[in-house]
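> Going down the list, the sequences are from chains A and B.
Under the UniProt record's numbering, think of the first position of the first sequence as 1, with each following residue one higher.
Under the UniProt record's numbering, think of the first position of the second sequence as 1, with each following residue one higher.
Hints are not guaranteed to be accurate.
Sample of chain B residues lacking proximity to chain A, with all beta carbon distances greater than 12 Å (derived) [claimed, not checked]:
(1) Glu37
(2) Gly95
(3) Glu130
(4) Asp192
(5) Ser200
(6) Gly233
(7) Tyr322
(8) Gly346
(9) Leu429
(10) Lys511
Taking beta-carbon pairs under 10 Å as the criterion, some of the chain A residues facing chain B (in silico) [claimed, not checked]:
(11) Thr41
(12) Lys54
(13) Asn71
(14) Ile148
(15) Tyr152
Quick look at which bits of chain A chain B covers, simulated, 3 or more residues with Cβ under 8 Å [claimed, not checked]:
(16) 24-32
(17) 254-260
None of these hints come from the bench; they were simulated from the model.
Cβ atoms here follow ideal geometry from the backbone N, Cα and C, with glycine treated the same way.
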Amino acid sequence: MFGYMLKRMLWLIPVLIGVSLILFIIMELVPGDPATIMLGTNVTPEAVEALNEKFGFDEPFHVRYLLMLRNFLTGELNSIYYNDQVISIVGRRLTATIELGLLSLIIAVLVAIPTGVIAAVKKNSIFDFISMLFATIGISVPAFFTGIIFIYLFSVRLRIFPSSGYGGPFYTAAGMRHLILPALALSTVMIASTSRLTRSSMLDVMKEDYLLTARSKGLKEKVIILKHAFRNALIPVLTNIGNQLAMMFGGAILIESVFAWPGVGRLAVRAVEYRDQPLVFGSILILSALFVISNLVIDLLYVLINPRISYD
Amino acid sequence: MQNKLVIFLLTAVLLISAFSAVQAANHERFVMGIEDEVSDLDPGNTIISVNERVASLIFDGLVQYGEDNRIVPGIAHDWTISEDGLEYVFELREGVLFHNGEELTAEDVVFSYERILDPDFGSGLKAKIEAVESVEALDDYTVKFTLSEPYAPLILGMTFGIASKSYAEEVGEENLGRNPMGAGPFKMEEWDAGNRIVLSAFEDYWRTEANLKEVIIRSIPESSTQAMELRSGGIDFGVNLDVGQLETFAEDEDFQVKSAAGAGINFAGFNFEMEPYNNREFREAVIQAVPFDQMIPQIFGLLGDRAYSMLPPTLWPDDSEYLAANLPQFDPEAASATFDRLKAEGVIENNFVAEVFVSNSRPDQVKVAEAMVTALNQAGLRAEVNAMEFGTMWDMLGRGEIGLFFLRFVSDPDPDYWLYRFFKSDGALNRAFYEDQEVDQWLDAARVTSIQEEREELYTNVLRKVLTEDIVFYPMAHSTQIYVMQDNVVGLEPGNSLLIPLVTPTANVYKE
């Protein structure tokens, strides 16, 4: 198990080098020169030249790539737009991103899995019908729109939660108050897809022969559902959660915009708009690392859920 | 079991809501929502408007903008300009303190300007004071700027924020942008990047202590979120609301909506090196085909006024009457006759499609472009909109790959800033690739003379030539600056779009 983990962690290195190279090539191909965009209407040829020299844009391709990679690894990579180190700019936002991603994951799992299981067990009941209706709505309505509705309801009308911004770490009262609405909004899509998947996966498993065996053994229905059916149904659900979690870290840009949430996603978009190459490079690489690590965690969870899976 | 869970959740929500004192309710705290994230507050390099606006609260310059954008004394109480316009001598006030308690002296002024002038520093502000050859401290309270050639708009460059030399040495010059410390009305307390900036009133501010003891600046890019923050009382002041939202605020008694012209000019431009755009008749017909007078008010609403000049209505010279009468007028029949003739003559090729390039981050301009394309097609010219990401468009413009484009531009209150860069043959923003000797001469002459009447006449000549004779650009709308505030905010008036005038020579904003 440990050996497997080590191997997977080592795999991270070529993956990230590959990502960084592709990223760098894309940034090269994208039209737009950071110095000109940055200077905007104050642009003069001299100023452009000075900036290019300052950030080493006049060096050849491979030199710049290696320089950027080295500076990224040593933490010396400097953003053009923010005039600060990439690592500290991203670092400040990473907490906000992870807090938002994890809380919405927790909400989603707590709501979606029980809903999916109950809907499957009580197939064609009112509960099944209503919960799957909500799930369909949840998938169809974009999360940012749900976000706006939540703000209107909970901030403007009821005035329970603040409408936007980051209030501090999640364990402080202000931090939690600011975190709840965006996390709820972000979790809706995941709740919807996960509960639907749990339901159909449960229904598939419940047709299996070994459940018939369990029943004929005289096991209690509760044990059959929770121990035999649920654990087996959980594998595809977990895969789905893994993918969605990765999406939450990097793809919560719309939610971050609506809630003025200082996350890495929004930062990366800003960096692209300003052609801030070092910042694009740094923020996307860190997001990719998060993606890979969260997938690794999911893979390890498989073992816990299903003993038949082993990585040794 | 389930009931317990429900009770637990309800209690949690109630507990959390008990903390929900509305943030903006405090009378000494002022919360502002701005449209973008502040990235760098180094006064030597504040070239992005959000940065500029926040830096202006922390730093003071030698001179400042007063009412109607007139230059008024700041840290310098007086100044003299030599007759040949080559020497500017500023007398500083004594006893002006930086936020760390040290006195601001001539040495700090020299330091601040020499940084900007240093080519290795690469400051975007350098372009505005390019004419300065040297800056020297004559004594502790006297600074002399020597110019290589007369440059009438130089005084606007004297508004740049002054940083402390000893402080810069202490924290490291490259760290000034993240640790700003000046002699302005507010000092930096906390900077939670991407989220909020907290400033507090500087009690020893030389002018007068700010009424607002705490100013919180939050970046809220989404216009609808800003609107809801205003309604929920989360912010006192918002600055980037959409047309639709503005109207509901304007009708609401709990809010004040104030507007001022001059937040930028939206215009269409043509490329003089690309066919058929380099044909004057073609350009005239393109404008004639489109009912701008009808479209602009509908599309821009409260956010813009119909423009006939490249200069905002707050700036001189005001020649909009002449320009309005002499710009190409809406005449679709004439336009379609011209298009037919130009096609027959081969100026417009058979498969030609006029592409209107516009930045997709400017929804109002995109709407104008769409309406324009419809009108052009009706007049017999095939046209389509190409709404693209600004960085890409800007790059293509620089390489001369775009024939017809929409842009918005805003700058400091001197016509030189608005015209020289666009219409001078070697102007840094001459994206039309326009060359005209006469215009070049006028623009240069207006830099050298400081006699107001002469400058007005020269700029009038320039505008008439480029807008009505040569049709380089076609002005569409002046963006309006709109402040939406809670009704208890007193004394905050939009003026210069690059400032947030909380403490000015004439105002000291407070909450009732």
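> Work down the list of hints and note, for each, if the structure agrees.
Consistency of the hints with the structure:
1. Chain A draws Glu37/B into its interface by the beta-carbon criterion, the shortest separation being 7 Å against a cut-off of 12 Å.
2. The claim that Gly95/B is not at the interface with chain A holds, since no C-beta of that chain comes within 12 Å of its own (minimum 32 Å).
3. Not every Cβ of chain A is farther than 12 Å from the Cβ of Glu130/B; the closest lies at roughly 8 Å, contradicting the non-interface assignment.
4. Listed as a non-interface residue, Asp192/B fails to keep its Cβ farther than 12 Å from every Cβ of chain A; the least gap is roughly 7 Å.
5. With 12 Å as the threshold on Cβ separation, the claim that Ser200/B sits away from chain A holds: the shortest Cβ distance comes to roughly 19 Å.
6. In this structure Gly233/B is not separated from chain A by more than 12 Å, as the shortest Cβ-Cβ distance comes to only about 8 Å.
7. Non-interface status of Tyr322/B relative to chain A is upheld: no Cβ of that chain comes within 12 Å, the nearest being about 26 Å off.
8. Under the 12 Å C-beta cut-off, the non-interface status given to Gly346/B relative to chain A holds; the minimum distance is some 32 Å.
9. Not every CB of chain A is more than 12 Å from the CB of Leu429/B (nearest about 6 Å), against its label as outside the interface.
10. At the 12 Å boundary, the C-beta of Lys511/B stays outside the reach of chain A, the nearest C-beta of that chain being 19 Å off.
11. Taken as an interface hint, Thr41/A checks out: its beta carbon lies about 6 Å from the nearest beta carbon of chain B, inside 10 Å.
12. Look at Lys54/A: its Cβ gets to within about 5 Å of chain B, closer than 10 Å, so that hint holds up.
13. The interface hint given for Asn71/A is violated, since its Cβ lies 15 Å from the closest Cβ of chain B, which is over the 10 Å cut-off.
14. At a threshold of 10 Å, the smallest CB-CB gap from Ile148/A to chain B is about 6 Å, leaving the interface hint in force.
15. For the restraint placing Tyr152/A at the interface with chain B, the shortest Cβ-Cβ distance is roughly 6 Å, inside the 10 Å limit, so the hint holds.
16. For the segment 24-32 of chain A, the proposed coverage by chain B is satisfied: 3 residues have a C-beta within less than 8 Å of a C-beta in that chain, meeting the threshold of three.
17. Interface restraint, the segment 254-260 of chain A with chain B: holds (4 residues with C-beta to C-beta distance below 8 Å; minimum three).
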